[in-house]
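Student: Please model the entire structure based on the sequences and the hints provided.
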Amino acid sequence: MHTPAAKVSGYVVLMIVQIIFLVLFWLFVRYEKTVLPLAIDAEDAGSANEHVSKYPQFQDIQVMIFIGFGFLMTFLRKYGYSATGFTLFMAALVVQWAVLMKGFLHMEGGKISLSLESIIDADIAAAVPLISMGALLGRTTPIQLLCMSIFEVALFAANEYLALHVFSICDCGGSITVHAFGAYFGLAVALMLRPSSDQNETGKLEGASYTSDIFAMIGTTFLWVYWPSFNSVLAEGAGGERAILNTFLSLAAATVTTFVVSALVSHENKLDMVHVQNSTLAGGVAVGTVCNLLLGAHGAVLIGIIAGTVSVLGYRYLTPWMTANLRLHDTCGVHNLHGMPALISAIASAIYASMVTVGEYQSELQDIFPAMVGSNGTETKIMGGLGRNATSQAGYQLFGIAVTLLIAIGGGILTGAVLKYTNFRNLKKDEHHQDEHYWEVPAAENKEE
Amino acid sequence: MHTPAAKVSGYVVLMIVQIIFLVLFWLFVRYEKTVLPLAIDAEDAGSANEHVSKYPQFQDIQVMIFIGFGFLMTFLRKYGYSATGFTLFMAALVVQWAVLMKGFLHMEGGKISLSLESIIDADIAAAVPLISMGALLGRTTPIQLLCMSIFEVALFAANEYLALHVFSICDCGGSITVHAFGAYFGLAVALMLRPSSDQNETGKLEGASYTSDIFAMIGTTFLWVYWPSFNSVLAEGAGGERAILNTFLSLAAATVTTFVVSALVSHENKLDMVHVQNSTLAGGVAVGTVCNLLLGAHGAVLIGIIAGTVSVLGYRYLTPWMTANLRLHDTCGVHNLHGMPALISAIASAIYASMVTVGEYQSELQDIFPAMVGSNGTETKIMGGLGRNATSQAGYQLFGIAVTLLIAIGGGILTGAVLKYTNFRNLKKDEHHQDEHYWEVPAAENKEE
Amino acid sequence: MHTPAAKVSGYVVLMIVQIIFLVLFWLFVRYEKTVLPLAIDAEDAGSANEHVSKYPQFQDIQVMIFIGFGFLMTFLRKYGYSATGFTLFMAALVVQWAVLMKGFLHMEGGKISLSLESIIDADIAAAVPLISMGALLGRTTPIQLLCMSIFEVALFAANEYLALHVFSICDCGGSITVHAFGAYFGLAVALMLRPSSDQNETGKLEGASYTSDIFAMIGTTFLWVYWPSFNSVLAEGAGGERAILNTFLSLAAATVTTFVVSALVSHENKLDMVHVQNSTLAGGVAVGTVCNLLLGAHGAVLIGIIAGTVSVLGYRYLTPWMTANLRLHDTCGVHNLHGMPALISAIASAIYASMVTVGEYQSELQDIFPAMVGSNGTETKIMGGLGRNATSQAGYQLFGIAVTLLIAIGGGILTGAVLKYTNFRNLKKDEHHQDEHYWEVPAAENKEE
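Protein chains in written order, with UniProt numbering: chain A, 1 to 449; chain E, 1 to 449; chain F, 1 to 449.
These aren't lab readings, by the way, just hints derived from the structure by calculation.
Worth double-checking, as some hints may not be accurate.
Claimed, not checked - Below, in silico cross-link-like pairs of lysine-lysine (DSBU-like), each with a Cα-Cα straight-line distance of 30 Å or less:
#	chain 1	residue 1	chain 2	residue 2
1	E	LYS428	A	LYS270
2	A	LYS33	F	LYS54
3	E	LYS204	A	LYS78
4	A	LYS204	E	LYS428
5	E	LYS204	E	LYS111
6	E	LYS54	F	LYS270
7	F	LYS270	A	LYS428
8	E	LYS270	F	LYS420
9	A	LYS270	E	LYS78
10	F	LYS54	F	LYS33
11	A	LYS270	E	LYS420
12	E	LYS78	F	LYS78
13	E	LYS33	A	LYS54
14	F	LYS54	E	LYS54
Note that the structure is predicted; figures quoted are calculated from it, not measured.
Tutor: And the structure:
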């Protein structure tokens, strides 16, 4: 049943990848100037401290990536080793790759600058393949996941560069570039790897046990709590505080809504842990792109209510429909947690962008909508913006999400085809959603517990 | 057995509450000035950053509320979904309500200012009904809990205003206004909802399993670790660092004492997880009101030793007595973790207040005991304090806790009466302490695990 | 089988120890000047805030000590209460003792200064006996552990003083003074307490269950995530940011390597949770001593790859060999997670020290290698350094680890002898690795779950 030789060669390739990373770091990566010792006679003091003022937020994001994502995916009854272990494995590989890939897009003098900012960006990039992994959870080998990650992160870095630096869209919390990209890429891969039509039933291991559901709540609650850090880490000035406030309120409103809608649409009006674990977080995704804008508390709460509703309804009706009709399994329901809420966020960003005025955003326009600087007939053409007007910016927001979807789905289909039709081993239906094919599992399990 | 119609109407009412919140946010809440963009020509830089310097402490408190409280209550063997889920639900509802309620008490020009401080206050307010929930855990419907929360938080905001702004008591870590209020309010509700005398035995589900006890330790350890943030977040200047140090030392001493006393009084001198999960934290409550005072390390340690001892003895002797004689069930023992330690803190605050001199507290007197500014015959009557003397301040501290108890118990009895005698569905004895009446629970549970 | 009287007397002694601490705090410990209120007429503002700028990192370390170590050791199937509970107990005792012991080495005017720095140091000291506990896990009574801790921390403080202040070695992340010391001290105690030759087989409880392994991953992931805080908290200036970056990259590389090597050497090429839980962290230990040096990203990654490889091979081959041939049980494999990686770190520190030039480190030389200031023929003999040259510093690094090993192993043997041959109760073989001898364990366990 197992082919140890294939496994061995997969892991050997990964070791070679790690060694290639080592060589690339050696050739291209250097500490940024502020990370180097000062000249003996320089006056200094607190400037280094200032540089690491985002360290607490970085640590919050670390918890989201490694504990949040990892434990959120432990909900499957016999897939907890893989959920926590592969998350750790993938994230450790991807952060190195992301430092390199994002670095190559911003090289100076042929070298990549390494600073705290690099690893903040790397952690954010790690979220992308972890979201895709959610769609595929339990139906791929670790080698497939890791190859997917390598390709996906490269494409993510390119698409992000395009969206933020070419189209100049706003996407403070990354709902477009991170969440939509990761979700639709993963779903496209899942579509390519879908089971044959006679094997489409949901397996009995594709569900939770009482204990595994509580483990998953560790992931949910840490993601909930630290989401404001994720959304605000790249915001500047007062925009950072608004990102915190808006994200917090949107999450709170989405959470209340999730419980209500879950009870209303579920069997016997009982609450469903799948909704509680996931849809409560939809508010964080849906507010992501616009979190640093002047939404007002009511704007954030409204977005949260919409996101919670759409997400629960997606779990209740859309996911089963996709499984039954498209044979598209989405184990964690990333379409409902990341996909649709990210679309809501993109639409919201177009609406809010269409109403932006210089008078409102003042000095922050430069940070948030750099392409709009110089527009609206203001005298001060600060720093040579493109002078794009509000309607045009709104159009670019929609164009940004459209291009992102196109690249994500195209890249996902291509990746899925590679994983399916080339030499990779594919799991059989009866190997799905269980740890024991890739992990040593305690033998006495069934007797002792 | 279930009445879906009643459930549905309860959840629909909650959705209406959420929408009312949305409208109130729209009508009354505006970003504080520092959260808005600066005028283009303003000179600025780090001022916004300064404003969010408490963000890391806010995040620690978030973890305490959502993970700490949530997992601490997972110790019941079949109530883990409810413990983590209802904590999330209640906290998400309460934080919104608290922003509004506390805002109404400090409006400017008819508007509520929204800033990081608002949501720090909201998180602290969320602790109050979660403490009360601990007393009632497993014996109410979620709808009852949520209605209790709405009323309790409004009353909490009023009592806090009274204690801090009218009586001018010190209560840096909130032991009086948060812990005593939450505990005695919850106990009063529990008294009203107590079982009839022939149903008073402790049910077999009112206990832990091996796994659920370890889940609860997640809550305990996060509460332990972040408690210094809770106590210090509202302290100013050097008082903040003292709050951190005193809380840390008090917790450490309470923890050692808890283990010793637990072993000495328990059956066969074995340690009891209930004590370890809860009484270790009593040091954090007992030092709360006085945590920013000049206690000295020995003062903090002494308070911790007393708190640990009282709390364990409470669990061992007082709680069973109350269950047997008053039919007052206190599922999590909030009287031992929050109630009595808060009383210790209030008494300690009276003792320390009676010894305060201007010479000792210097410029911090204004922050800590504003009503005492101008007393003690000092020449400098700074900012028009009331010139209250030390003995008088001590009296006010005791008056503050007395009024708090009165309002909490009165409010709790009233709330309990409403929950019992109006249209709310009450759980029957055999529905207590189990998730399955409100949650979809995996069917194959007993066979598979 | 149990001797309640012996237990009682042990716990009574511990209470006396806590009271002695109280007295020592009262006699010797005072708030540091910056923690006291300012004189009324002083101009001040942000200086106090600056003092607590390390608070977020302190909290990260708190999580590592209480949640990280505690949950990492829950992997044993029936020892979860002890793992989390005794960690809490020991750490609470040790932090108090460490404030005193480290304070006695730095008294001013007969008094110990208490500030945030004191409790950061105390938390780091708490790691030492927790590492040793890992070697002994499940084979000692709590009283033995606590007595060991008291002695070990005193010796640790002395050795650390010797290494850092007398030998002037660099050890930013404490791999020499904390990890090597804790690991080899614990192994020496384990050697003294080793079973008689006819009882050497590994008990069936000396392993994990499915659930306990996932609990352990909570510990692993929090240690992983916050390790950069542990390594960087004592670094100054830009060295702090380098410590963060180097630790992060080393951990990432060690993690990828761990998965690969684990799969290659394990039975049927399946991944082993023991490796994933522990060896992934070896990168953090191995980079510890040198984390603030100018390693470059490639240096950090290379150290991580070596550490991951050595650690997995240690678990796979060396630990079973030590158990079989030396009867030296090492329950958590601290030799593979802390011992050998710390040796790697010490060797790396000698190599990097041998290449240090003033031109490279500029103003930071004073912080990192104070004994080298004034060397290399530079004109500026800043602050009277010893003018030690690079080769000589490399020698001191090796001397530092050698002396540390000597003191740790000597102290451990002595401690082990005391625990074995004096009045302490020793656990019998069939009492090993189970909670029920010291904890009240739910009775209905086997039936209900």
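Student: Now tell me, hint by hint, if it's right for this structure.
Tutor: Cross-check of the supplied hints:
{"no.": "1", "hint": "E:LYS428 with A:LYS270", "in the structure": "holds, 17 Å"}
{"no.": "2", "hint": "A:LYS33 with F:LYS54", "in the structure": "holds, 23 Å"}
{"no.": "3", "hint": "E:LYS204 with A:LYS78", "in the structure": "holds, 28 Å"}
{"no.": "4", "hint": "A:LYS204 with E:LYS428", "in the structure": "violated, 33 Å"}
{"no.": "5", "hint": "E:LYS204 with E:LYS111", "in the structure": "violated, 51 Å"}
{"no.": "6", "hint": "E:LYS54 with F:LYS270", "in the structure": "violated, 46 Å"}
{"no.": "7", "hint": "F:LYS270 with A:LYS428", "in the structure": "holds, 17 Å"}
{"no.": "8", "hint": "E:LYS270 with F:LYS420", "in the structure": "holds, 23 Å"}
{"no.": "9", "hint": "A:LYS270 with E:LYS78", "in the structure": "holds, 16 Å"}
{"no.": "10", "hint": "F:LYS54 with F:LYS33", "in the structure": "holds, 18 Å"}
{"no.": "11", "hint": "A:LYS270 with E:LYS420", "in the structure": "holds, 23 Å"}
{"no.": "12", "hint": "E:LYS78 with F:LYS78", "in the structure": "holds, 20 Å"}
{"no.": "13", "hint": "E:LYS33 with A:LYS54", "in the structure": "holds, 23 Å"}
{"no.": "14", "hint": "F:LYS54 with E:LYS54", "in the structure": "holds, 13 Å"}
Of the numbered hints listed earlier, those contradicted by the structure are 4, 5, 6.
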